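Sequence order for the protein chains is A and B.
Each residue of the first sequence is one higher than the one before, counting from 0 in numbering that gives the first Met the number 0.
Each residue of the second sequence is one higher than the one before, counting from 0 in numbering that gives the first Met the number 0.
What the hints contain is simulated information worked out from the structure, not anything from laboratory work.
Keep in mind that the hints are not guaranteed to be accurate.
Over 12 Å on every C-beta distance to chain A, these chain B residues come out as not near it, computed from the model [to be verified]:
id, residue
1, Ala21
2, Phe134
3, Pro205
4, Gly363
5, His374
6, Arg391
7, Asp451
8, Ala484
9, Asp507
10, Glu540
Stretch by stretch, here's where chain A covers chain B in the computed footprint (C-beta under 8 Å, at least three residues) [claimed, not checked]:
id, stretch
11, 72 to 86
12, 209 to 222
13, 300 to 312
14, 351 to 362
15, 437 to 450
Far from chain A, some chain B residues (derived; all Cβ distances over 10 Å) [unchecked claim]:
id, residue
16, Lys104
17, Pro136
18, Asp244
19, Val246
20, Arg248
21, Phe347
22, Gln534
23, Pro558
Since the model is a prediction, treat every value here as computed from it, not as a measurement.
Using N, Cα and C, we set each Cβ at its ideal position, and we do this for glycine too.
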Amino acid sequence: MSIGPPGNVDDLEGAALDAWSEHVSGLMNEAITQGAFDDGPSPFYNPSEESLAATPVTVTWPALSGKLRTLTHLSEEDRWELADRERLRTAENGDGRQDEYCEWSVSRDSGGGITGVTFTSEVPDWWGHLARRDPDLLVRRYRELVGVEPPLDDLFDGNEYNPQNQWNDGTRGPLVHLGQGNNNLWAAISLAAAATVVREQQNGEIVTDTQVLMGCANLGDKDRFSDPSIASTVNAAAAKGARITLADPPGLYLRGIRTEGMRPPRGHEDRDPADFWVPIRGDEEHRVRARFEVPDGAFNVSDITLDGKPILTGAQLAQRVDVFITVLVHDAHQKATTRPCGA
Amino acid sequence: MSAIETVAPEDRTCAAFDRERASAVPGTLRRFLVGKDDELHKMDDEEIARELNDPFATLLLREGRFPANAEAVLAELDSAVGADQPLSRNTQLSFLVAEGSQVAKDPSNNFERRTRFLVTRGQGTEGPDLIMSVFEPTGRLVELMAWDSTQGGFNYYRTMPDAEADRGAWVWAGNSRHAFDPQMRGRGPFESHPTGNLLMKELKVPWVNWLSPKAPMDERDFAAGDPRVTHEWFTRSDGAYVLEDSVARPAIERWNRRRLEQVLAAGSLSDPLPLMEQLLGSPEKTHRTVNLVSSPDSSQSAVTADRVRLPPTFFVDVDGLSDVLGLTRPKVAFSTSGAFYKQALDKFEVVVRNEDPSRPRRDGEDLFERVGDTHFAFVVPERAFEDVSFLRQLVVPEDGAPQIRLITPRLAGCLLMVDFPNPVFSDARASLLRHVPAGPIPSDRWGSFSADLGEAIVAREAADDGPEREFAALWEAGEGGWRDAANQLLSDYYEAVAEQLKTAEGFDAYFRLAEDRRNRVREMPIDESALLFAQTKLRPEALRGLAMSRDGTVSTRGPVA
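Let the hints inform the model, and build the full structure from the sequences given.
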């Protein structure tokens, strides 16, 4: 089976698309190799090499960082502002705050009012592939998404595509794709593969506590929403002897925005904020880019209130944007790969 | 102040419904307002037209459709509305909660996990219009709330279960507004919904007991053979964060807002006491409201961790004092050593068990026991969101919201700062209710209400360390000074707490205080399971009266004068 591009986007075709399939297949095989699973069929499998009857299981979480929400000494407003400002990196050069496989940037008018917020869950791996296969198309896509055609050199670091290039580095104005260091396809694949190993405590008890499991197997950050939910879902299926992979096309997707609690400004009460969510890239089932804006510009996004507070940051909307990944579970009824905690 | 009435337990509990069960007739709708009605009451057409204008009534009950179980409710709705209409299937959300989830993760454990669903229909900006709570999709006991846009408020319904009937016997148990009716306070549905609001006890991250990204559930959280494992309400369930953001908060904001709109429209506040109880707390157990919150750390990970993070609202009402009133927050997230936490669990013999002295196991149910704390560490009560939301709407209403201007930030701040180290169950703060004037308060007195109440409390300043004195110390700092004075008190307190958390003795004292607060919750109707909290060897009577002081220490306090 050929592996499709994230969101089934139509950027490439033919041999370039085949090369993407081979690239992702390679990532999956690498994850299987790293897993050093027991003899026999590995609990994580490569769908381009094995076609198995499987049940899709969707794992969903909110786009605003769970890790940020543990900073209880900060007010909600301060956390939102921090999330907007430190997208890719913190002030101390740590991992950026937009760490749930979804990033956003805010467009403002000259008065500071929010005119729109663009969300993306598009993995940088695809853009790196685009850069290798068709640099001219890469530049055209940038022009479509950021409104300016960047010099090709700006997008590369030597011969390698730079996901954190200056045209995808900002928090104001459009962004192109995911850029935070942990937000990439390899991270999702390797997490899912590693989570197929069942862990046991020293006393022989199987680890079922998600946070303990994550510590046992170094499965990402327990304070995020995405990592624990993916790890726990995969691990529970693996414990039953299932074989698991990512559904095609492998990627992280935007489910949409929840608008309960949003109130348009006075005089526009009849407008439905659900209409302000505009999908941009990805097919209907696999959105990878969308923008929240008032299509006719009758008022600004910041004129809308959410839970009684004006929308002054993109993070307030991110809390209402849901992200998902779909894993495939094949009931193999095989013996689960089990290792001690920490091994 | 108005008198606080005492209610005979047999009349105020939901058990009143069980008493009437035998007289329920399948395929009918009856009224049963506990506290007003002695028995099931047939409603005439005029009363139905006046009282029942929520979509559940207009689409089903008033059309003679009486579904027998929760699945049938949704099926009947599907046949009554088109695909794109407000209550259609594509607006459906489902959520799962179980006090016995996470701790076992073993289907061979045969014990009651109290697994139940919340299913909603309708997705507008004000949240869903229909909210249903059931244990089993085909179970005959259904509890349902539906928003009445004519009267305002949620109508509360339930079935009177009958295993044989193919049609349900439905009862209208009241509207949110009845929560404040003196005859109905704390009775029937308002036993667990004292302000008429939706109850999501564990509202905040990590949403203790709810299925969420922080605590996913899988089939190991069910007993072997439980058919709910394959039901779409589970397999397609939404995380508790959706319930918080898209259901609970909007529903609570909606009713609070409508309450204030009704006051504004009436031009008079009929009784200020319920409103002030939401600020100050109540000595009456059935009027009390809390949410439950915990550490973001699971107990099993916390015992080996360097640090265990503790919920800030255990120490201070951050939501009310800081988020609403803008007073200073703790500068760091409160935490203690994982070793201290582990020592406390061992020392106080903490265990999760599916029975306690007042709740024996069901026949055939195995004993479930796990040494240690609940799944998430350090579950404690905090000020309820319904009260924080109400405070915000009263004191700092948003543009376009009802502006009754009854409570000024200064009055709210000075009241909430009384005994601030005890953000819930403060007898000192609740004692200030004695100064609240009896209603009604007409609109021409709203503007002076805060000043009048503040001055009335100052005039009654009594004992040296009494709550009136504490209030007066801030109130007399004046409009320009009370905030600085409050911020200084809070900053000093935060430093003192942080110091206490550096010692095992300091954390032990907080653990004991937390257990006393849990004991207070155990006295409330919302405590429905022995698994809600872990149990300890600490005897309740030995903890009674424990209170936090401004210096961060915990000591026993006598009754308020």
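Evaluation of the provided hints:
Distance check on Ala21 of chain B: its Cβ is at least 41 Å (rounded) from any Cβ of chain A, clearing the 12 Å threshold; non-interface status holds. Every CB of chain A lies more than 12 Å from the CB of Phe134 of chain B, the least distance being 23 Å, so the non-interface label holds. Residue placement check: Pro205 of chain B does not keep its beta carbon more than 12 Å from all beta carbons of chain A (closest about 9 Å). Even its closest Cβ contact with chain A, about 25 Å, leaves Gly363 of chain B beyond 12 Å, as expected for a residue assigned away from the interface.
With a least beta-carbon separation of about 7 Å from chain A, His374 of chain B fails to lie farther than 12 Å from that chain, contradicting its non-interface assignment. Here Arg391 of chain B does not stay apart from chain A, with its beta-carbon only about 7 Å from theirs, under the 12 Å limit. The Cβ of Asp451 of chain B lies farther than 12 Å from every Cβ of chain A, with a closest approach of about 28 Å, so its non-interface assignment holds. The beta carbon of Ala484 of chain B is kept farther than 12 Å from every beta carbon of chain A, the shortest such distance being approximately 21 Å.
No Cβ of chain A comes within 12 Å of the Cβ of Asp507 of chain B; the nearest lies about 22 Å off, and the non-interface call holds. Residue placement check: Glu540 of chain B keeps its beta carbon more than 12 Å from all beta carbons of chain A (closest about 33 Å). A stretch counts as covered by a chain when three or more of its residues have a beta carbon under 8 Å from one of that chain; for the stretch 72 to 86 of chain B and chain A the count is 0, and the coverage is violated. Counting residues of the stretch 209 to 222 of chain B whose beta carbon lies closer than 8 Å to any beta carbon of chain A gives 7, which meets the minimum of three for the stated coverage.
Under a criterion of three residues with beta carbons nearer than 8 Å to beta carbons of chain A, the stated coverage of the stretch 300 to 312 of chain B is upheld, 4 such residues being counted. Residues of the stretch 351 to 362 of chain B with a Cβ under 8 Å from some Cβ of chain A number 0, which does not satisfy the need for three, so the listed coverage is violated. Check on the stretch 437 to 450 of chain B: 0 of its residues sit with their Cβ under 8 Å from a Cβ of chain A, so the three-residue criterion for coverage is violated. Not every Cβ of chain A is farther than 10 Å from the Cβ of Lys104 of chain B; the closest lies at roughly 4 Å, contradicting the non-interface assignment.
No beta-carbon of chain A is positioned within 10 Å of the beta-carbon of Pro136 of chain B; the least distance is around 20 Å. Not every Cβ of chain A is farther than 10 Å from the Cβ of Asp244 of chain B; the closest lies at roughly 6 Å, contradicting the non-interface assignment. Residue placement check: Val246 of chain B does not keep its beta carbon more than 10 Å from all beta carbons of chain A (closest about 7 Å). Listed as a non-interface residue, Arg248 of chain B fails to keep its Cβ farther than 10 Å from every Cβ of chain A; the least gap is roughly 6 Å.
Chain A leaves Phe347 of chain B outside its interface by the beta-carbon criterion, the shortest separation being 21 Å against a cut-off of 10 Å. Here Gln534 of chain B stays apart from chain A, with its beta-carbon at least about 20 Å from theirs, past the 10 Å limit. For Pro558 of chain B, the non-interface assignment is confirmed: its Cβ lies about 33 Å from the closest Cβ of chain A, beyond the 10 Å cut-off.
Violated hints, listed in ascending order, are 3, 5, 6, 11, 14, 15, 16, 18, 19 and 20; each of the other numbered hints is respected by the structure.
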